[in-house]
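Chemist: Protein chains in written order, with my numbering: chain A, 1 to 465; chain B, 466 to 568.
Please note that the accuracy of each hint is not assured.
[Unchecked claim] A partial selection of chain A residues facing chain B, derived with a Cβ cut-off under 7 Å:
no., residue
1, I19
2, M58
3, A62
4, M68
5, I105
6, S116
7, L123
8, G336
9, V337
[Claimed, not checked] Capping the alpha-carbon separation at 27 Å, the derived lysine-lysine pairs in DSSO-like fashion look like this:
no., chain 1, residue 1, chain 2, residue 2
10, B, K496, A, K417
11, A, K81, A, K158
12, B, K496, A, K53
13, A, K462, A, K306
14, A, K81, A, K451
15, A, K462, B, K496
16, A, K307, A, K81
17, A, K145, B, K496
18, A, K145, A, K417
No lab work stands behind these hints: they were computed from the structure.
Quick reminder that beta carbons are idealized off the backbone N, C-alpha and C, glycines included.
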Amino acid sequence: MEHSILELFYLAGSLTFIIGLKMLSHPETARRGNLLAAAGMGLAIMGTLIFYKSGVPMLIYALIFGAMIIGTISGWIAAKKVQMTAMPQMVSIFNGMGGACAMLIGLIEFHHFLESDDNLGLLTVLASMVIGSVSFAGSVIAWAKLNGNMKREIRLPKYNILNTAIMIIIVLLTAVIIGGWVPETPAIYVLFVLSLIYGILLVIPIGGADMPVVISLLNSFTGMAAAFAGFLYNNHVMLTGGILVGSAGTILTVVMCKGMNRSLTNVIFGAFGGGGATASGISGSGDKSVRDINISDTAVLLNYSKKVIIVPGYGLAVAQAQHVIHELETILEERGVEVKYAIHPVAGRMPGHMNVLLAESNVDYEKLIEMDLINPEFPTTDVVLVVGANDVVNPAAKNDPGSPIYGMPILDVESAKNIIVNKRSMSAGYAGIDNELFYNPKTSMLFGSAKQVLTELVTELKNMN
Amino acid sequence: MTEFLSFLSAHIDMAYVLILSIFVGVEVIGKVPSVLHTPLMSGANAIHGVIIIGAIIVMLNAGVDNIPALILGFIAVILGTLNVVGGFVVTDRMLEMFKKKKN
């Protein structure tokens, strides 16, 4: 009886996950979808606590509730306090927590399967442990890299071969353990350590614009780890939840790769910003010069335009200039200038990250136009204002087969009548490569920190009345 | 082989759920506008926090005298809760900003 009630809770939980995810795919219903999934999760957790097993000592319940209270409070505070610009790190570290949870479950549970000689059960538990450990270690590295704790490029020699070798060893070791050809318990601990090392080595060489892809990939890893654990406990809600995230995460990863016109293997095995960067670095240095523009000239140019497209990049968010840019947009609109934002699929540090950052400063999301829709509009645009973006407007992606970003679809800003690029200095973008756009005769460089420059622009425009 | 077949028949409904869930996941995500990719990733991230149920089960099954299991399980429940609560709250914060602006 109690077990059937629990199954009912789990059924409801699974249903809310599916409907919640579905609702998350529309801007109008997304928020309710998220809350629905959260409610379903609460139901499934409560159901487990109440109906899973009777006669459990009070001490154990006290421990579980204690742990849940600690987790809830710290999770809540972290999630409420995090800056919107730091969102990718936050998602990454929460993902790592889930991975670590799967890892610990695996470490506890494998003993039972050794005793009962259930080989396929053991395989399931090891799969959950290995994937969870990889996801945990990888997420921590991804967090450190995005957070700027690991600025130096660490590149082990032949890391591709090394990584592949470790992966093969993990698979072989698992097979040997299942076969019972080695002392199981120590071998499983070796497997655990190897998984952690693999997770670290998987993420360390990845950098630049590829980071979101890795987070998404690790996200689906944790989903798979949860699904394996669900198989282990014959638990339907864990299985559906895990697999949904696993497959959704994989699709999302593929979509992101497509946005950059790269294959997943290329992201994982191709060294980004390696050899190619030096090649295009040579073409960038030397005889070319850039044209400067000052604040008042920019203000005049913007004021007498019919149509302005703003290309925001991560630099805008770092400078905390989202609110000022919205102010600029409002003033220009009052003067009868048509203003739109061009959003590259990987603008910011995650797909859609830029949308979140601009939405935070009250920019209407109908003004945020996706790349495929905005590209045909550039030829009829008077001024393109590039703020803190670099790689997503780099023509090398189209013209220079030697460039590491070659093949990535870019915003076609070159076809606009005037291009104004705001940058702090002439340093290269996140991908570490030079940008031909800056030397285009139509381009003027507006140097300075985004926030200061935009604030001065707004003041200048206000004075022009 | 026999072992595999008996494992499969013991878990056959799970196998069905597994396969169908893969397709549901692909189908549900397939049409998401890129605007929502970040909140979606974050929401999905919260959902795989369902692993916490495994951690709770570990704790419920562990005896009071099984100290290592209790310690690891305790940490696992904390981590799982962090994943669930943090994930849903962060997603909600992001989506709160997508409210349609009225002029």
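Chemist: Now tell me, hint by hint, if it's right for this structure.
Modeler: So, going through the hints one by one against the coordinates:
1. Of the supplied interface hints, the one on I19 of chain A is violated, with its beta-carbon coming no nearer than about 9 Å to a beta-carbon of chain B, more than 7 Å.
2. Checking M58 of chain A against chain B: minimum C-beta separation of about 10 Å lies over 7 Å; hint violated.
3. Look at A62 of chain A: its Cβ only gets to about 11 Å from chain B, farther than 7 Å, so that hint breaks.
4. Nearest Cβ of chain B to the Cβ of M68 of chain A: about 5 Å, under the 7 Å cut. The hint holds.
5. Here the hint on I105 of chain A is kept, as its CB sits about 5 Å from the closest CB of chain B, short of 7 Å.
6. About 13 Å separates the beta-carbon of S116 of chain A from the nearest beta-carbon of chain B, more than 7 Å, and the hint is not met.
7. A distance limit of 7 Å between C-beta atoms decides the matter here; for L123 of chain A the minimum to chain B is near 9 Å, and the interface restraint is violated.
8. Because the beta carbon of G336 of chain A sits about 16 Å from the nearest beta carbon in chain B, more than 7 Å, this interface hint is broken.
9. A cut of 7 Å between beta carbons decides the hint on V337 of chain A: the least distance to chain B is about 17 Å, and the hint is violated.
10. Among the hinted pairs, K496 of chain B with K417 of chain A is inconsistent with the structure: their alpha-carbon atoms are about 34 Å apart, more than 27 Å.
11. As the CA atoms of K81 of chain A and K158 of chain A are separated by approximately 40 Å, the hinted pair breaks the 27 Å bound.
12. A distance of roughly 41 Å separates the Cα atoms of K496 of chain B and K53 of chain A; the hinted pair therefore is violated under the 27 Å criterion.
13. For the proposed pair K462 of chain A and K306 of chain A, the alpha carbon gap of about 18 Å is at most 27 Å, so the pair holds.
14. At roughly 22 Å between alpha-carbon atoms, K81 of chain A and K451 of chain A fall within 27 Å of each other, so this suggested pair holds.
15. Annotation: proposed proximity of K462 of chain A to K496 of chain B is violated, straight-line Cα distance about 42 Å (limit 27 Å).
16. The suggested pairing of K307 of chain A with K81 of chain A is violated, with an alpha-carbon distance near 37 Å, which exceeds 27 Å.
17. A hinted pair counts as satisfied when its Cα atoms are at most 27 Å apart, and K145 of chain A with K496 of chain B does not qualify at roughly 31 Å.
18. Annotation: proposed proximity of K145 of chain A to K417 of chain A is violated, straight-line Cα distance about 38 Å (limit 27 Å).
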